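Student: Residue-level listing of the chains:
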Amino acid sequence: MKTISVIKKSTKEQLRSFWVLLLTLSMGPFFIFVYYLITESSKPQYNILVVNADMGNREHTNFGNDLISFFTTANVDQISTPFVVHKITARNEGIEKLKNKKADALIVISESFTQRLFALKNRDSLLTSEIEFVGDLTNTNYLISAVWANEIINRFALESTNNKQIIEVKETALGTSATINEFNMLVPGILIVSLIMLMFTASIAFVSEVENKTILRLKLSKLKTIEFLGGIAVVQLLVGLASVVLTLATAILLGFEYQGSLIIMFLIAALTSLSIISFSLIIAAITKSANEVLVVGNFPMFLFMFFTGAAFPLKGEALFSIAGYPINLQGFLTPTHAISALNKTLVMDMDLASIVPEIIAMVVLTLLYFAIGAIIFNNRHLKLVK
Amino acid sequence: MLQVELQQPIKKRFMEPMIKINGLKKKFGDFTAVDGLNFEIGKNEIFGLLGPNGAGKTTTINMICGLLPPTEGVINFSGDEKKDHKSLIGYCPQENIFYPKLTCLEQLQFVGQMYSFSSKVLTPRAHELLEMLGLKEKTNERANNLSGGMKRRLNICLALIHDPEILILDEPEAGLDPQSRILVRDFIKHFGKQKTVLLTTHNMDEADRLADRVAIIDYGKLLLLDTPQNLKKTIGDGDVLEMTFENSDEKKLDQFIERINRFSEGIKKGSNFILIKHPNIIEHLSEIKNSAESNGLFISEIKLRENTLEDVFIHLTGRNLRQ
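So the protein lines, in turn, are chains A and B. Each residue of the first sequence is one higher than the last, beginning at 2 in our numbering. Each residue of the second sequence is one higher than the last, beginning at -14 in our numbering.
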């Protein structure tokens, strides 16, 4: 009953602390957006202009148009080609754009492209089709575009004429560079970043009772420590889950393709939120005001963000292992396990059983943080003065 | 320091004691904040605890509220046996303590719920309290937006929302505007007719107007306990002449006191002032003034007034209360 009253009161206070709430909720989506821009700007992309002069044949087949479609969908050894194809009508227009660096290469498909491919297919003629590449030979982007375009055109020609390649070239991508895109790899960490920001709202929610001295009213009343802390924790948990939902929605809107179960993701998010809230209790226990929280809280926030792999991927040497699960130095911080669990679930599509070690580690650390925080908070702020 | 312990028994009206304090002592390391207090506070009594800053008033109150464990001694409460110690007491601290982001009504409901009351009981009670303390118009206003006087009144409402038997007020009139002061004073008088009120103050006038009985404490010890009228009588009837000097030469002051001793029933010397008590001091005013000037003392202020509780305190401790 009293816990429900604390939840209601804490919710009102949280909603009325509009700017703090807005900052907490917007941090995750903001990070997603920033990382999206970073990965997008660092991703190679080649702009190719195509002039399709192909006249087609009497059966209304136009291989020129088919080739343009093939450009946008073709994969070379499972690697999607980073082409953006712009169809234009005149060669001169393309050259003008190349000169102004608005494109990397110009491809001109000849008038007889369809007819000659048909002739080759039917073995009527041995005349080859002609395609012109135009570009700045000193520009690396042109060279890469030309190599990839050449590969795609050859493949299209072979498929269209039912011929086979004389030499099969196999390309092997190093690491996960071919299968997982960088943005998808970063999203689990940023989901945890959005929860790390909870450290401030949660600490301020706890410490505001001390700062406003309203803790005295609670000490005089029949409220128990666990009811007080539990009520505030529930509200902060909801803030945390809202933050994760907003962050995930932003990521999906920007192209994040998640695997696995969202239920497991929310389970991990809820556990991480509780863990951050418990850690916030330690911060609130050693501070006396929101200002102190903002100063003291910076250190653990940076530690949680940059020492756990939340802000960018991080690997550490295992200090020891428990039942085969390696524990490294950053393993004493919950986000490390949360990110590992989210990566397994959202990126690698692994099931609940595969993240049991992470969940156990998170539960143990959360209980540890809560016990330390509750004891210090109770002794410093709630207990009778000796 | 003069130590007098005159404990008047609780009057008939307050025959039944609400709080019994026996040998109450509180030590912080080597420092003794409260040193063996013994007194009783009756039901329906307004009891004033007077003393200068650092006298041990707040420490005593904190022990009564259960916020501070006594080093020695016991505090017993009577009253509704169904109510536990926490429910019996409503504490209004000197500092305004409220939830700035909640409205007046919301925080009264919340604090009441912390004492296990349902909203059904609390809502009408909150409205009643807000009306009684002149905050009806501010029911749905956030506490942060209230004026200083309103915040103080809200503080009293918060102490009373759980319907306590004992209301403890720490400096209730501190920092209040005249309107709020009258409102709070009237409310305390009204409340004191039904419940027990313990108020601490260093404002003698406040205690004189409000309290049925007053205990004067200093250095953690009880100096006097009686009704304000009886306390004033302990230093005799008559007027008090308060004379403040621009210069404070101790030797000259002593010579002056020696010369005017015959006009007085009691003289108290401060750092740069003296208090002269006499039933008919006005007749000797001119002579006293001339005597001071002839002793080389330059008078900056002369005040003639009736005997007050402050005079009682100065009589007991030899120092001004506001020091």
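Where hints are given, some of them may not hold.
To be verified - Straight line, CA to CA, 25 Å or less: simulated PhoX-like cross-link-like pairs of lysine-lysine: (1) B:K12 to A:K220; (2) B:K218 to A:K223; (3) B:K10 to A:K220; (4) B:K86 to A:K220; (5) A:K214 to B:K71; (6) B:K274 to B:K237; (7) A:K13 to B:K86; (8) B:K218 to B:K206; (9) B:K274 to A:K223; (10) B:K136 to A:K223; (11) A:K13 to B:K237; (12) A:K214 to B:K136; (13) B:K86 to A:K3; (14) B:K71 to B:K28; (15) B:K180 to B:K136; (16) B:K105 to A:K3; (17) B:K105 to A:K9.
Said to hold, decoys possible - Residues of chain A clear of chain B, computed beta-carbon distances all greater than 12 Å: (18) Q15; (19) F229; (20) I360.
Claimed, not checked - Here are the simulated distance ranges between beta carbons: (21) B:R290 to A:I376: 30 to 40 Å; (22) B:H70 to A:N379: 18 to 28 Å; (23) A:F19 to B:T212: 52 to 62 Å; (24) A:M2 to B:N29: 43 to 53 Å.
It is worth saying that the hints were derived from the structure and are not from the lab. None of the values given here were measured: they were computed from a predicted structure. Backbone N, C-alpha and C define an ideal beta-carbon position, used for all residues, glycine too.
Student: The structure should be examined with respect to each hint, and the outcome stated for every one.
Tutor: Against the structure, the hints come out as follows:
Distance check on the hinted pair: B:K12 and A:K220 sit about 22 Å apart at the alpha-carbon level, within 25 Å; holds. The hinted pair formed by B:K218 and A:K223 fails the criterion: a straight-line CA distance of about 44 Å is larger than 25 Å. Between the alpha carbons of B:K10 and A:K220 the distance comes to roughly 22 Å, so the proposed pair stays at or under 25 Å and holds. In summary, the hint linking B:K86 to A:K220 is supported, as the alpha carbons are separated by about 20 Å, within the 25 Å threshold.
This hinted pair checks out: A:K214 and B:K71 have alpha carbons roughly 18 Å apart, not beyond 25 Å. The hinted pair formed by B:K274 and B:K237 meets the criterion: a straight-line CA distance of about 14 Å does not exceed 25 Å. Our distance criterion of 25 Å between C-alpha atoms is met by A:K13 and B:K86, whose separation comes to about 8 Å. For the hint pairing B:K218 with B:K206, the CA-to-CA distance comes to about 21 Å; that is within 25 Å, so the pair holds.
Proximity of B:K274 to A:K223 is assessed by CA-CA distance (about 62 Å); at most 25 Å being required, the pair is judged violated. For the proposed pair B:K136 and A:K223, the alpha carbon gap of about 24 Å is at most 25 Å, so the pair holds. Proposed proximity of A:K13 and B:K237 is contradicted: the alpha carbons are some 67 Å apart, above 25 Å. Only pairs whose Cα atoms come within 25 Å are accepted, and A:K214 paired with B:K136 is accepted, the gap being roughly 14 Å.
With a C-alpha separation of about 19 Å, the suggested pairing of B:K86 with A:K3 holds against the 25 Å cut-off. Between B:K71 and B:K28, the direct Cα distance comes to roughly 17 Å. Compliance with the 25 Å bound is thereby established for this hinted pair. Distance restraint check for B:K180 and B:K136: the Cα-Cα separation of roughly 23 Å lies within the 25 Å cut-off, and the hinted pair is therefore satisfied. At most 25 Å may separate the alpha-carbon atoms for a hinted pair to count; B:K105 and A:K3 meet this at roughly 15 Å.
Proposed proximity of B:K105 and A:K9 is supported: the alpha carbons are some 16 Å apart, at most 25 Å. The beta carbon of A:Q15 sits about 9 Å from the closest Cβ of chain B, which is not more than 12 Å, so the claim that it is off the interface is violated. For A:F229, the shortest C-beta to C-beta distance to chain B comes to about 9 Å, within the 12 Å cut-off, and the non-interface label is violated. For A:I360, the non-interface assignment is confirmed: its Cβ lies about 35 Å from the closest Cβ of chain B, beyond the 12 Å cut-off.
Between B:R290 and A:I376 the Cβ separation comes to about 57 Å, which falls outside the hinted range of 30 to 40 Å. Checked against the hint of 18 to 28 Å, the pair B:H70 and A:N379 passes, with Cβ atoms roughly 20 Å apart. At about 54 Å, the beta-carbon gap between A:F19 and B:T212 stays in the expected band of 52 to 62 Å. For A:M2 and B:N29, the Cβ-Cβ distance of about 33 Å falls outside the hinted range of 43 to 53 Å, so the restraint is violated.
Violation of the numbered hints given earlier is confined to hints 2, 9, 11, 18, 19, 21 and 24; the remaining hints are satisfied by the structure.
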